[in-house]
Every structure is written in C-alpha cells, then in structure tokens.
Amino acid sequence: MSNSAPLLRRIAGAARESIEFELNGQRCSALEGDTVLTAVLTNAAKLRESEFAGAARAGFCLMGACQDCWVRLADGERLRACTTFVEPGMRVRTGP
Amino acid sequence: MTESIDTDVAIIGGGIVGASAALFLRRHGLSVVLLERNLCGAAASGVNYGGVRTQGRAVVQLPLSMRARELWARLPELIGTDGEYVRSGHLKLARSEADLDKLEKYRDEVGAHGLALEIVAGSALRKAYPWLGEQAIAGSLCAGDGHANPRLVSPAFARAARAAGARIVEGCTVTELAATGSGFVVGDGRSITVRSRWLLNCAGAWALELAGRFGDHAPMTSIHPGMAVTESVPRFMDVNVGVEGGGIYGRQTARGNCVMGGSRGAASGSLYAVPTARSIGELCDRMATLFPALAHAHVIRFWSGVEGSLPDHQPVIGPSPTTPQLMHAFGFCGAGFQIGPAVGEALAELVHHGRSRVALDAFAITRFTTPASSIEGAH
Amino acid sequence: MTMSSKSFVVVGAGPAGMRAAEQLVAAGQRPIVVDEGSRHGGQIYRQPPAVLQRERSDLYGFEAARASAVLDRFEALRPQIDYRPETLAWQLETNTLQLLHAGRTRALPFDALILAPGATDRVLPFPGWTLPGVYTLGAAQVALKHQGCLIGPRVVFAGTGPLLYLVAWQYASHGARVAAVLDTARSSAKWLAAPRLLSRPAVAAKGAYFVARLRMMGVAVHGGITLLEAEGGERVTALRWQAGGTAHTTECDAIGFGHGLRSETQLADLAGCAFDYNELEQAWLPRRDAAGRSSVRGVYIAGDGAGILGADAAELSGARAALAALEDLGTAVSAPERAARIERDLQAHVTFRRGLETAFAPPPRWAVDAPDELIVCRCEEVTAGELRACVRDTGTHEMNRLKALTRIGMGRCQGRMCAPGASRLLAHAAGCELREVGRLRGQAPIKPVPIAMLHEQAPSTVVPEDQDD
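Residue numbers (the numbering used here), protein chains in the order written: chain A, 1 to 96; chain B, 1 to 379; chain C, 1 to 469.
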C-alpha cells in the first residue's frame, strides 16, 4: 500500500532530531515532538478507515475530544494519535 | 383538567413485561391503559445485557422460557423490528472439572424437560472457539439461545401495544392507587385518572411499593449488574458467552462492539445505578482474561441498572392473594429479558380467560408468606 | 500559616486551572492539578513540546503577554503543586476521582474539586465534513501552535465566531494561502451587537483588526453564507458554499470550521451537578453561583467548562472558585473584597459574551437545511435522515431515547461532536424547542479507557450464574 501525498504542511521547527518510524510497512521520518498524527499526516493523507463505511479519516479536533484519530500499531496496540508522541521504531497501520 | 379513562386493564410499568402484556391484551380484544413513570423500556428492560437465553435457568422456568423462544422467533411480526436479535447460541464455559461436572449435571436434568445442550471440550472447543482464553476447558452449547439489543426491543413492545390500540401514557408517576370493590382507580393526581377492572403490577424493581398498598409483600431487594461496552472491534465472537458460577458474560454485536457484564454497581438515588470503579476494575480484568482478542480494545461506556431480586432467584408472577383482579409480575433477578414476552402473554391469558398456557404456580407470591410452601426444582 | 490536611484537586491546566492552583498555593495549600495535556496551558495557551522552541509572540500573538504571565507563574509554582500531566480523570464517584496515567488507574479522594475542563469547538456539520483535511478551527490552531504545521497549504476557514477570524489571520500570517473566510452570520448582526461588544473595547478592536488585515492581504471574506459541501474523494479538494442564492466553489487543501465553542461538562455530570438550559449558549450547562460553586458540595466549576466566557474570564473564575473552596473548607481567611472585585470584573465578560453570541449566532436554519444524507454522528456514521426517520416512526422527542434508537452519541466521543447538531435536528423533527429535547446523560469513562488498564486490587464480587440476562 503506498501512502499518498501528505495533508499537513510544516512551517516551524525544522531543526529537530529526526525520528524514524514505519507507516504501513514503509520507513518514514518524523521529527522529535511530533504527535503520531503529525508524523503520519506529514507522510500521508489518512490515519485510519472508519469501521462501518471504510471511509478515510485523518482526525478532526486535534485536542483529544473527537476520538477520531485512534490508530493501530502492527502489534495490535491502539493509541490516540493526536495526544501521543511518535517514538522511534513505531509501526503504524492505517489500513485493515 | 384531569382526563378520566375507563378501561378493562390498567398496567403500571412500561418495561418489557408490562408492554408485552399490553400488546397481548389488545390481541385478546381488551382495552388497556399503561402508565409509565419515565419512557417505556428505559429501566432494566432497556439497559440489561441483552442475553436471550434459556440455558442456565432453573427447571421451573423452562416452560416459560421455551414459550418465550417461540415469541422471540416471531419478533418482527409482533413488534415491527428484529431488535438485532440473533440466534447465536449460548456457550456456558467450565473453567475447572468441578464446573464441567455441574454443566453435565444440568444438561442431564434439563434434557428430560426438552432443552437440548451439547458439551464441547478439549480440542473440539479450541477448534470451534479459538478466541477463548486458556481458562476455558469446556463449554455447554445451547444452540437455540442468542442475544438482542434491549434498547430497541423493549421500547418496540410499547410502540406495538400502542399501534394495537393500547393507551400508553409516559411521564406518568402513579400516586393515586386503590381497589374500589369492582376494580381499581389509578392516577397521577393531576392529569389522568384510570378506572379499570384489572390491575397489573409490572413496576419492576419498584413493584413492592405498589404491592404493599394492597397488603401483598415479597422480600425483594435491588441488584445492580455492572456492564461495559467496547468500541467496535473486528468480529471474532460468534456466540453469547457465559461461565459456570457466574462472574463474566459477553457478546459481540453485528457492528463489532463487545458488551460485557458480570460485576456489581451501586445505587444512585432510588431510580438509577452507576458502576463503581471497583466493579469496573473487576469486569475489565475478567474481560481481558477470557477474551484475549480484546487485549488492546478500549471500553467506551460503563453502566448499571436496577433489577429486582428475590432470595430464591425466581420472579413473582401471578394473582394477588389479597385483592381480586390484581396481578403481579416482578422480581426477575436480572433474567427477565428473555422470558419477558412470555410473561406478558401469560398475564394477558390469565386476565382474558383465567388460565395461562404455561403453569405459573412456582412463581406465586404466596411462597414468601406461606411457611409450608417451597420452590421445586430451584437450581 | 499551618498546612491544612484537606485535599484540593483541580482538573484542567488551562487559564482557569492554573489560576485556581495559584490561589490555592497562595493560601498555603498544595493542590493536585490533573491535566490530560503533557504541558500546562490548556488549549488556548497550549505550549508546544519543549523540543519545538517557538517565540511566545509567534504562538500567542496579541495574547503573548497574558499567556506568559499565567504560564510562567504556574511554572514558578511547580515545586508547590502536585502537577499530574498526561492524566485522564475518567470517572467520578462521591469525593473520589479515578485517574488513568501510563496505563494504570488509581483512585484520588478529594475534599474540594475544582473542575476547569474548558471547551471544544461547537460543530454543526455539513456534507463532506468527515473527509481528511477537514478540521475544527481549534484543530487548525493546535496544528499551528503545538506542532508547527498548517492543516494544508491552501485553506478555507468557515463557520462563525471570533475564533474564525483569529485562526484565519494566524494562518495568513504564517504563510498559508487563505482561500476564503466564510462566516455564516450576517454582517448586520455584528452591528446590532456593537454596544455589548464595546464593553471590552480592546477585544472588539482586535476582532476588527483581524478582518481588516485579512482584507488587506487579499483574502476573500464573506458573511451570511451557507455551507453546502466539502468535495473530494479520499481528501478534501474544494468547498461548495452559497451566498445570496449563488453557489460558489472554492478549491482548497484543507478546511477549518466551527460555530463557536461548547463546554466540556462530563465530569460535572458524573458529579451529579444540576444542569440548566442556557438560552444564550443554546446548551445545557452545570449550574454554578457567582463564585463557581456547583449544586454539589465540594465541587466547583471554573472557566469555559460551565459557559463560554473566554481565557481572561477563565483566569478570574479560576481564582474565584479557589477562594470559594478555601472558604468553604474553612482553610483560609475569607477575602470578601477580592472576591467581590473578581465577580464585578467577570460581569463585563458576561456582557461581552452576550454581544458575541448576537454577532456570531449559529445558523438558525441549520437543522432545516441539513440534507438527509448528511452524516451527523461521525463515530457511528448516523445520518440526519436516520434521525428524522426515527422521530417520524417512533415519535421520539428526547435525546437519550434518540441515542438508544439510532446510536447517535453512542460512539467514542460520547456526543461531543454530534450533540449540537443532533439536538437541533431532533427539536426540529419533533416540532419542539431545543431545551425540550434534553441532553445526553453522561457516563463513565468520559473518554475511552483500555481494558488492560491495571487496577488497584479489590476483592471479587461474583454474580450468581442465573443473573446474567
């Protein structure tokens, strides 16, 4: 599965440590201080597919209220992307 | 201005028992007024686990439960919706040899009464239900059992009764209540007064207060089952699960949410109950242990409800010993959802022609007041 | 002054929570401050992660001095505060909170609880709002402030409220192409509100400044518009909208929208606080007196969690609630002049708030115009048509019954995003006033909690087997 063009556009803090993680099996880069949401959406255009209609979702409120940004890791663990910081080696899955 | 209504039957309580009684009474051509304090199906009938289960019931409840099965099979015809009812089967787990002994003994006992159960153990269990935690060594499968959504089913009975011509009055708290010699007068003291020949006390966990007005009594207390529901997770559980000895039960809906129960909440005022942190902790521990597939799942809601409980774990169903034409049906001990429609039907039959197709002697309220009487076949 | 043995707990570390904590420390207490965030500041003064160094002026614009004052004060008091970041208060029983932190949940008893949970955007959805690239105005701000990102290079901002113009200006100032600013409120409404808005002239002036600057930058600003649809397949590509009978399509990579703010009230609900319908906010809010006391002894509410008054008012009400708690628990000499002064200062904010709600009222025809296909509940994917059908088929006119029958509000967000829209649709379909449909009953956990969360040990209460219907 290829990841499509990113949604978010960085405009500050470029001079930070890079964090390597995996998105749908592909190696990607993020920056220290990125949430998982930022890490994913600066590399791709969705966080998950909705349970019922399978529609692409990419978060909504970014403040831990809407609960639309829960993502799955390769080992089955789940986390709320907008309130969790990305860590090196994280393996994020946005598809089924 | 108080509205005055004359009717054949007044029913207090719009849960699944009262509402189904109203529906069946209408089918017998009797006029009915049902008074409900809140919204129909909003109390225990609407917040229970949703098990539609015969397995595990005392032998004395089997005829009622088997009759209820026939009604559940006709749900869309009766109430206009399937209420998400699925005949998934009920798997009751043994976690020890002692548990298995009990399951086998129960299977033998109920087999003679027409309930067929199949014990699945060892590799057959693991093959059929690979998602069960290691604790489970065997299970008793009741293929005819299942589960449904109480939030849809119970209100639908009230709507069906209304569509059949019953007068359903919600938001009506009964304050006025008396026997008149030829019947009853029931009202809320401000907007409605009902005169009826018959009165059905279907007020659930609050039925004692009404019973007491006529000198009837039962040693009912309230219990508060603690429940939880997870976010939608990929489907893995295809059967309604319980355990011998109680403590955890779970089912997965078609949309993927896992509904779990098996702990106690606490009363919150006289009308509601809330889950306690302690009960939530216990429930989560048991869920995670029995269903490893839920290891990473999140609970999105905990809740509790108020159910009437009697010491012999059997309900009160039947005529008042003190007051002619008064019927009681309450105290279902957390197991009233599946048998509810059959209880409603039985009440309607008793009112209409004096006897019910299912024998109800075992549920007489007099068993609590007559020292010599006892319940046969209590499990 | 001797330290009292009473336990003071503050939930929330935004301006209200921070000032409450400061007041408690000043009275010799060591408050516990429970915060879901990883750094203090709440949402309006949200601080980026420490590794992302940003100038305060860059982050908070005109509010930089205010933000610095309250953020730095809290930081200086940290040694005297038991500050618990990344901690979720997910349940509340009598005098006890349940706190989830790093996968473990523990009970925290309290003598006084000051709830300062703040607010989120009030969302009235429009078709396509669930597409990737469509965010709330608050989210657009968080992306910028906290993560140094734009939600997209070319953004349309829509909805109504002062936040609309603030965020649009912030984005334009940070290099985004703001394709349009679309306000559902009419310009005329703002003139009507002018007298009240002038109760806080500096704030009103800022609002005018943002609009003027946006126009000078060549950004199209329109009022009295109707949002029609966010278009796109896997992500948003344009916004279709209408003004004066003419439809327009504005291409974009992202949309930021919102219609004002809504209070977070779940903990107040679990605490058993009485709620009243507030005509101005068009929402049910926990009752509080002028000092911030709720209807429940020992529970206080400060900041936007019991009605939207903004950050400056939140600082005042946080301090005032702390004074009330200290006095009620008999742990401090009362300060009646200071309390009275705070309450007087708060009054100007209330007046201003009335002006804002007049100027930026949510679109009154929203429920009428919402098409049947519109997804109202994004968690459970329930449409406006399904809600209307339920009302038609069952005669439902109450929110909790609507939830039971249609699943609206049954998902992970517990109605935070959908309740404003759903309640308006219900009221319209049932032919009654908004207040008459009631509000969704709060239930624990107020946000999803992991099944695997480790609990304190507790003895077992097994349910006998036949009690499992």
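I should point out that these hints are in silico values taken from the structure, not numbers from a laboratory.
Careful: at least some of the hints might be erroneous.
According to the in silico footprint, chain C covers these stretches of chain B (three or more CB under 8 Å from chain C) [to be verified]:
id	stretch
1	18–27
2	36–50
3	198–206
4	291–303
Heads up, the beta-carbon is just placed ideally off N, CA and C, and yes, glycines get one too.
Outcome of the hint check:
1. Coverage of the stretch 18–27 of chain B by chain C is violated in this model, with 0 residues showing a Cβ closer than 8 Å to a Cβ of that chain against a need of three.
2. With 5 residues carrying a beta carbon less than 8 Å from a beta carbon of chain C, the stretch 36–50 of chain B meets the three-residue requirement, and the given coverage holds.
3. Under a criterion of three residues with beta carbons nearer than 8 Å to beta carbons of chain C, the stated coverage of the stretch 198–206 of chain B fails, only 0 such residues being counted.
4. Counting residues of the stretch 291–303 of chain B whose CB lies closer than 8 Å to any CB of chain C gives 10, so the stated coverage by that chain holds, three being the minimum.
Hint compliance for this structure: hints 1, 3 are not met, and every other hint is.
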